[in-house]
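Asker: Each residue of the sequence shown is one higher than the last, beginning at 30 in the numbering used here.
These are calculated hints, taken from the structure and not from any lab test.
Some hints here could point you the wrong way.
Stated by the list, open to error - As a list, the in silico DSSO-like pairs of lysine-lysine whose alpha-carbon atoms are at most 30 Å apart: (1) K251 / K263; (2) K251 / K150; (3) K155 / K69; (4) K283 / K263; (5) K69 / K209.
As the list claims (entries may be wrong) - The following label-pair restraints were derived from C-beta to C-beta distances: (6) K69 / A146: 29 to 37 Å; (7) F230 / K209: 40 to 48 Å; (8) K158 / L206: 17 to 25 Å; (9) K73 / F230: 34 to 42 Å; (10) G117 / K150: 25 to 33 Å; (11) K251 / K158: 20 to 28 Å; (12) E228 / G84: 29 to 37 Å; (13) E228 / I31: 41 to 49 Å; (14) L198 / D106: 20 to 28 Å; (15) R223 / K69: 21 to 29 Å; (16) R290 / K60: 41 to 49 Å.
We treat Cβ as the ideally placed atom computed from N, Cα and C, and that holds for glycine.
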Amino acid sequence: MIVRRAVVAGQFYAAGLSSLNKQIKDCFMSKFGPKSFPSKIQNKKIIGAIAPHAGYAYSGPGAAYVYKELGESKQPDVYIILGPNHTGYGAQFSTYIGDAWEIPYGNVKIDQEFGKALMQKFPELKDDKIAHSYEHDIEVQLPFLYYINKNFKFLPIVVSDVDYGYCKLFAEALSSLDKKICIIASSDFTHYGRNYGYEPFSSKIKENIYELDKGAINYIEKLDTNGFLKYINKTRATICGYGAIAITIESCKKLGARRARLLNYYTSGDVTNNYSNAVGYASIIFE
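Work out the full structure, taking the sequences as your base and the hints as a guide.
Answerer: Written as structure tokens, this is what we have:
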């Protein structure tokens, strides 16, 4: 049995079951979170989402906004979780065709059949487990997914640079497969400060981070993949998962999404009251 081991349990999120349960519940009830849990009624139709992927103490409440909506949505056959390749290891557009991924709750299943079918339709997608070995962005989504749907199947994909044509080809390949799909782009937004090598402004830092991310979110809300990519190129905004976001926008449109809706936005600076090094977190759904 091929199982990808949890590598950031105890770092980005709690490793113990009781402490992880408490941590997730606290994220929902945080002042930065939705302040309520998902209802038992699952009547919404959500095609995709953008969820942040930092440590739960920072971005967990933002993720809770997304998973409250997903928990109240009709459940798909498979979730695709797209994230950036932070480590640079392995293929730059890669999935993981194994049996499962480990999280503190147990092993969660990979939809291997779906993954192989997608690779046939889109040969640029490679099965490269090295690319996923130390990557945190997909792993941190899984405990939240388990919290709302204990029997889910998913396909992990990490991606680096993309252009608009690439996004269109992936969306066409994805939409040709006979599956109910929900796509989750795992991405934080602007990373500001010396720690991130990005200091385009030195005054009104909070306001400028908000404005920079608002510009990107405006294109997402308009489902304008090409405009979003041009905005990133023009501003050099340090949105780590911009490729995953661009693919998600285009794929959700192809799968029938008519709008994107911003649920919440804040920064790590709002949590710590220190903006010298700060990261933006946007919670967005496609419906």
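Asker: Could you tell me which of the numbered hints above are not met by this structure, giving the numbers in increasing order?
Answerer: Of the numbered hints given earlier, those the structure breaks are 3, 11, 12, 15, 16, listed in rising order.
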